[in-house]
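6 protein chains.
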Amino acid sequence: MKLPDAAGLPGVRALVTLALAEDVGRGDVTTQALIPPRARARAVIVARRGCVVSGAAVAALVFRQVEPRLRVRVHCRDGRPVGRGQPILSIAGPARGILTAERTALNFLQRMTGIATLTRRFVERVKGHKAVILDTRKTTPGLRALEKYAVLCGGGRNHRRGLDDMVLIKDNHRRFWGDRGAMRLDAAVTEARRRFPGLAIEVEVETERQLRSALKGAPEWVLLDNMPVRRMRRCVRLCAGRARVEASGGISLRNVRRIAATGVDAISLGCLTHSAPAADLSLEIGGIDP
Amino acid sequence: MKLPDAAGLPGVRALVTLALAEDVGRGDVTTQALIPPRARARAVIVARRGCVVSGAAVAALVFRQVEPRLRVRVHCRDGRPVGRGQPILSIAGPARGILTAERTALNFLQRMTGIATLTRRFVERVKGHKAVILDTRKTTPGLRALEKYAVLCGGGRNHRRGLDDMVLIKDNHRRFWGDRGAMRLDAAVTEARRRFPGLAIEVEVETERQLRSALKGAPEWVLLDNMPVRRMRRCVRLCAGRARVEASGGISLRNVRRIAATGVDAISLGCLTHSAPAADLSLEIGGIDP
Amino acid sequence: MKLPDAAGLPGVRALVTLALAEDVGRGDVTTQALIPPRARARAVIVARRGCVVSGAAVAALVFRQVEPRLRVRVHCRDGRPVGRGQPILSIAGPARGILTAERTALNFLQRMTGIATLTRRFVERVKGHKAVILDTRKTTPGLRALEKYAVLCGGGRNHRRGLDDMVLIKDNHRRFWGDRGAMRLDAAVTEARRRFPGLAIEVEVETERQLRSALKGAPEWVLLDNMPVRRMRRCVRLCAGRARVEASGGISLRNVRRIAATGVDAISLGCLTHSAPAADLSLEIGGIDP
Amino acid sequence: MKLPDAAGLPGVRALVTLALAEDVGRGDVTTQALIPPRARARAVIVARRGCVVSGAAVAALVFRQVEPRLRVRVHCRDGRPVGRGQPILSIAGPARGILTAERTALNFLQRMTGIATLTRRFVERVKGHKAVILDTRKTTPGLRALEKYAVLCGGGRNHRRGLDDMVLIKDNHRRFWGDRGAMRLDAAVTEARRRFPGLAIEVEVETERQLRSALKGAPEWVLLDNMPVRRMRRCVRLCAGRARVEASGGISLRNVRRIAATGVDAISLGCLTHSAPAADLSLEIGGIDP
Amino acid sequence: MKLPDAAGLPGVRALVTLALAEDVGRGDVTTQALIPPRARARAVIVARRGCVVSGAAVAALVFRQVEPRLRVRVHCRDGRPVGRGQPILSIAGPARGILTAERTALNFLQRMTGIATLTRRFVERVKGHKAVILDTRKTTPGLRALEKYAVLCGGGRNHRRGLDDMVLIKDNHRRFWGDRGAMRLDAAVTEARRRFPGLAIEVEVETERQLRSALKGAPEWVLLDNMPVRRMRRCVRLCAGRARVEASGGISLRNVRRIAATGVDAISLGCLTHSAPAADLSLEIGGIDP
Amino acid sequence: MKLPDAAGLPGVRALVTLALAEDVGRGDVTTQALIPPRARARAVIVARRGCVVSGAAVAALVFRQVEPRLRVRVHCRDGRPVGRGQPILSIAGPARGILTAERTALNFLQRMTGIATLTRRFVERVKGHKAVILDTRKTTPGLRALEKYAVLCGGGRNHRRGLDDMVLIKDNHRRFWGDRGAMRLDAAVTEARRRFPGLAIEVEVETERQLRSALKGAPEWVLLDNMPVRRMRRCVRLCAGRARVEASGGISLRNVRRIAATGVDAISLGCLTHSAPAADLSLEIGGIDP
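Heads up: the protein sequence lines correspond to chains X, P, E, R, F and D, in order. The number in the working numbering is simply the position in the first sequence, starting from 1, with 179 added. The number in the working numbering is simply the position in the second sequence, starting from 1, with 179 added. The number in the working numbering is simply the position in the third sequence, starting from 1, with 179 added. The number in the working numbering is simply the position in the fourth sequence, starting from 1, with 179 added. The number in the working numbering is simply the position in the fifth sequence, starting from 1, with 179 added. The number in the working numbering is simply the position in the sixth sequence, starting from 1, with 179 added.
A few of these clues could be false.
[As the list claims (entries may be wrong)] Chain E regions said to be covered by chain X (calculated; three or more residues, Cβ under 8 angstroms):
id: 1; stretch: 250–261
id: 2; stretch: 375–384
[What the hints assert, rightly or not] Partner residues are not named here, just some residues of chain P that face chain F (Cβ under 10 angstroms, in silico):
id: 3; residue: Pro183
id: 4; residue: Ala186
id: 5; residue: Pro189
id: 6; residue: Asp343
id: 7; residue: Asp344
id: 8; residue: Pro407
id: 9; residue: Arg409
[Claimed, not checked] Negatives, chain F to chain D, calculated, CB over 12 angstroms:
id: 10; residue: Arg256
id: 11; residue: Arg275
id: 12; residue: Arg290
id: 13; residue: Val305
id: 14; residue: Arg372
id: 15; residue: Arg374
id: 16; residue: Glu385
id: 17; residue: Leu417
id: 18; residue: Ile430
Read the hints as simulated data drawn from the structure, not as lab findings. C-beta: ideal position from N, C-alpha, C; glycine also.
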């Protein structure tokens, strides 16, 4: 899949500016006091453990925003695996800029690479089944576009990007709409279609009876939330292609393959973005010209 | 320790606005289509596993920013432990507002609570020693103030908040300054003091010889990075109170107590903020008045 | 249809601030020089010709942003028709605020009401047919949310709100994708579905052959652009409900009913937003207390 | 008259950014899914009906803001008439950029060209008379600078640009100042002059008596609002060059020449900006290199 | 003269936010460490030397922006003289807020009061003559609106507020326009009038010949820059009321009265805003309730 | 001392944008009306009295922000003295840009140069003593970074840059902390150290008894505020190097040398930033090519 340009995603430049302001504040006092303004250096960011790279262009943007004269070279493109000790990015130019940008660049790169790496593990676990791995809206406030991009780097796909590009009728909505639950799911789909004729509609169901009701409304997707595997399999059969099927809730590396085997079209995972540990990367300085 | 007001920290309101814009986009289409504008409800956020709460006021801010008429009540204050199934926050008022704000509020609360919970585990592990647990600058871009606050909630303390409020002379700086390493650490401290007379100065050292050199400059802090425990102990003795001592690098729940036992004043940990898993919380709707 | 709250739409407060800054600049010199700061007045905005109201809450927001002490009362709610000479909004309070806000408030209200009024004429023209009237992306830069809202007030529906909430495969895209035109429309739909599993897909077609190809991909919508009425009718039959059908291009009040009669599900019109004349409204001052 | 640089007007870059954000949102999903990132194309914007061009540089800015590598060439400069089928702008470079920017660029260009075209019709109608055609403050919120620029392109002149660069004493102000109307117009002019010694002053009058009173204050301008032609002629004579004379209210292409013949110095028209229909332009893609 | 509301001037709230961000940064560490969150206090700002107050509402805004629960009372209104030791403002409420806001509030109040005080000295020096004291555009970047307001408080008047609300043809412009100087000043006025019919025009002249030329264009103002008093008097006579006359350049408290005696209408002074010393004020804490 | 890059200080670009917006507003009407768009010129900024330059790069930024094609050359670097009539900066390129930017560029340069010039006088007055000259937080709202930079240009040093980078315990804090004054100063230092382990701490003292109490807490600095010279000398001796000593309050060019002679480490002066008169500079146009 062709990846979009991460540094060009809406809001990313502003986020980099914000992150630098937050870290640099009134100025990097240590480099101002101790590093000559004309000193030059080379640096390389290397992986200390194997991972799937994501965010190289964002890290490059951080360096260039601090110091436009820095030359940044990407050694390993986003979405590619990199082994322990291998270089991801190298930077050359004014030393003050490298030192001031280092931490912020790594903070972006380590988080995004962490997400891509975890996603890849799930993707590989379900290989051979048609199920795609989806992210959720459980992302870090302010970083959604980058985190969803990192999921793409890991081989996953993006679920809805916000509350505005898909109708997703959940248990909580259903209670307001018709108080006797599944009886009215088709009417809910019809009403949502009337109001937003251009948007796809998904319905969360917990039982086969709810599923039957929902399918009458002809939603594009149904969501099987926290369902036992056996019931899930029956629901997939019941759908028979009339709607695509997503599974979510309580899914981990241990059980994801079994769930994929039920024939669902997609599996969504909050942990990809809310609990992926940071990748272990470090920046090493060399080639100093003080 | 008296905690500051999290929702009043610099930049937090703007971050909440950004996070909501990112999630809500052109509008929450599902509630617009299906929830009557006048429907009211009550909701409660509960812990699904024990944790140390952090961010209740931020979550409350999210709800009120979406819908000023929502009434939010905090059941468990930041910094307090909460058991499985116990309520943290309850919300009452217009149902649309609750549903639209839910995910963003949880995204803040789960991350901050996750950090506080992990921090508390480290703090408890070193009990009885004088060492305090410190955070680092390895925070999520844009969330530093909140993540450092979450560390306070967990019982940790804050290391420097950015590149501007403390001079920290690291290995990378030393190379530029005097190319033969430890020989000149005292001069570096003096130079930094001259330029920024009002800031505290810390020096990273790897050997006892470097430490002796640094101490001649009378820095406020020395940092022992990735040092074997035995050497660490010797360095603490060598300092003899002339500078406070911080340990960092390769520290985990397994070895933190042994390191505290060396007599260091502080132990800093990147994992508190870059790899804490999200706390397991959920919002439950009830008391509906459609 | 329940209308959203216009003044609460994303970006509207900022737009009002911008519009006021643009008009007021360094201050309303005439009122500063001539109107006593404590003078009070009442004012009413009346229709000079019949129209369908839209934007009353936005106009109210303008007045209150200039002067929070102004009390604004809405006499005719958005979406309702109002006859010549009838009041829409009345304002009471500090006179300086009323005079300073007047023009900006009217500029919003006249444009939105103009759009709602024109939309209503189209909606009434197609009554009895199932076709809904849709807007387009041909809106005034910066005012899209308000103009699409005004279309709802007039009884129309909203087509996609931007380039991001629906895939719309047009003639221009087709050329890049497969150079022999209709042959590959189904493949295009499949490819788009793979990349954005959660979004609805629409395909523009010009011939029945293209339509057949497109339908194989199972898009949610097809768009018949600038098609003769007879061919349009055949296409509607060919679809047979497998996709919803939209007509666009060269449609005016004169021919819209004939097009609705073909059985299309929707008719989209750029003129609703790019060429609706401003409604004829005026603000009249009274009840002065200098 | 030398026109200013439209793309350099205060606020225009921010407005273009806003308009693009509004349209592109989370990304142009159709081009992302279907257009190869390296595909290149040429496109041309042509007039489908004769018009007076305005906004070419703004449209160019839109394209370049979306994709800096696009080369844009202006074939017909602002203020020039262009015939049916003639090219206004051509664009070459990365195809994704052209397709993503198309609608926003056209939205600016069609509106501005529509205004310039209508203005030119009025300007030509009054040829031979000294009266200049002026715009008003009845502009689209947020677009004032561009719309006033479009009026210049059509051959008109700009009336005050906001509430801050001229004192304009209207009927509504008069009521507060002196409750018996025209008696005190000269005092109002004097008072305004005292407060804002550097600004020109205009007074709206409805009767000859009011005019006489106003002229005693020596305003720079008088405004004859909604006055019968005959009375207008008498007022012009009465002024005898002591103040410049503006006419406004109820003026259309049908009667504008008769009004110009009264000898007024200027005629102001709200319809130029609030009701000009969009110009009929289209973008045609060609020279594709996928 | 009725003063506008200083805290409501365009941009003032944003400037206060900026000034507080600049001073408070990541937080007022001293109060956070040492002042209990619930401690309350009273404080009063007093003059240590006599001055003319300006900016009380801005200082109040600073306090309330830091802590909305602070109650602020103004004892001496803007434009009023206050003697040594007299109170200007008193504040009561949460102690942390008072201490955090103190310096920023004083920074505004001392500067503005300094300007008002200096202005008043000039105004009193010219009493009995018709000349008004004007400010210039030589203001502190970002503070123009407040500094021009402070001049009003001192009894002065405002010259043009920016490059956009008056045409001022200076020596530097003349060189470009017609290279033989005074010959073409009337043409310059005519040309400027044609382009900006609604703006007042002022012409800087150095000789009587230039003045005669300029007057033919009928400018609203002429500016006599750096002219010997005798020539100034001749120029005033030459004008004979056809244009208002402003004097500037090399004017101080020593010679301002002599210049006023020439009969000029206005005297403009850069020093009012660029070199007024800060007023000597201090904040005193009392009534503590820890 | 190596100076930082003034134009690159945090917030400076935004401040320049703000200052230009404030001055230019809707456009420089005089140049638009009278200067041909293609006219070119050269200009030079010269000192009319001797001064120490500060802000040349900021002035250059102003010119380039108005017109990127202007070439700016700095003749006298920041921190250097310049004699009467000597050039500081020269500018060449489009004439409109020079004329529009002139006043804003001078407003920055005159203020900053004024501060550097006054600072230099103090620095020279204390030569031979170890005391450095420090600024304070008594800066112009919004200009702190630039004014503190100007102090560096004059040879001074910077005290804390805001409320967040140093703990400074003043008389006002003491009252809240322990109501019997000096008794508890050491406890205050300890408490502050516990909360902000990475920040330097300073304590204001008025008596030797307070000083002794404070020194027990081992603060980095003590501040002798408004103290008679004799007592100051005793306090310096009492400190004996255990803390650095700062003097402030009531210090002028007349007495500063006597205070330096007491042996204090630093002398801080509010007047450097709040009351330095603007430097006397002017821009001269030449080399016109209309």
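Hints versus structure:
1. 250–261: Check failed, 0 qualifying residues.
2. 375–384: As far as the stretch 375–384 of chain E goes, the hint holds, because 6 residues have Cβ atoms under 8 angstroms from chain X.
3. Pro183: For Pro183 of chain P, the interface hint holds, since the closest Cβ of chain F sits about 6 angstroms away, which is under 10 angstroms.
4. Ala186: Where the cut-off is 10 angstroms and the nearest Cβ of chain F is about 13 angstroms from Ala186 of chain P, the hint is violated.
5. Pro189: It holds, given that the least Cβ distance between Pro189 of chain P and chain F is near 6 angstroms, below 10 angstroms.
6. Asp343: holds (8 angstroms)
7. Asp344: holds (7 angstroms)
8. Pro407: violated (35 angstroms)
9. Arg409: For Arg409 of chain P, the interface hint is violated, since the closest Cβ of chain F sits about 36 angstroms away, which is over 10 angstroms.
10. Arg256: Non-interface label on Arg256 of chain F holds, nearest chain D Cβ at 22 angstroms vs cutoff 12 angstroms.
11. Arg275: Arg275 of chain F not clear of chain D: closest Cβ-Cβ about 9 angstroms, inside 12 angstroms.
12. Arg290: violated (7 angstroms)
13. Val305: holds (22 angstroms)
14. Arg372: violated (9 angstroms)
15. Arg374: violated (4 angstroms)
16. Glu385: With a cut-off of 12 angstroms, Glu385 of chain F remains clear of chain D, as the shortest Cβ separation is near 15 angstroms.
17. Leu417: Given a closest Cβ separation of 24 angstroms, the condition holds.
18. Ile430: holds (14 angstroms)
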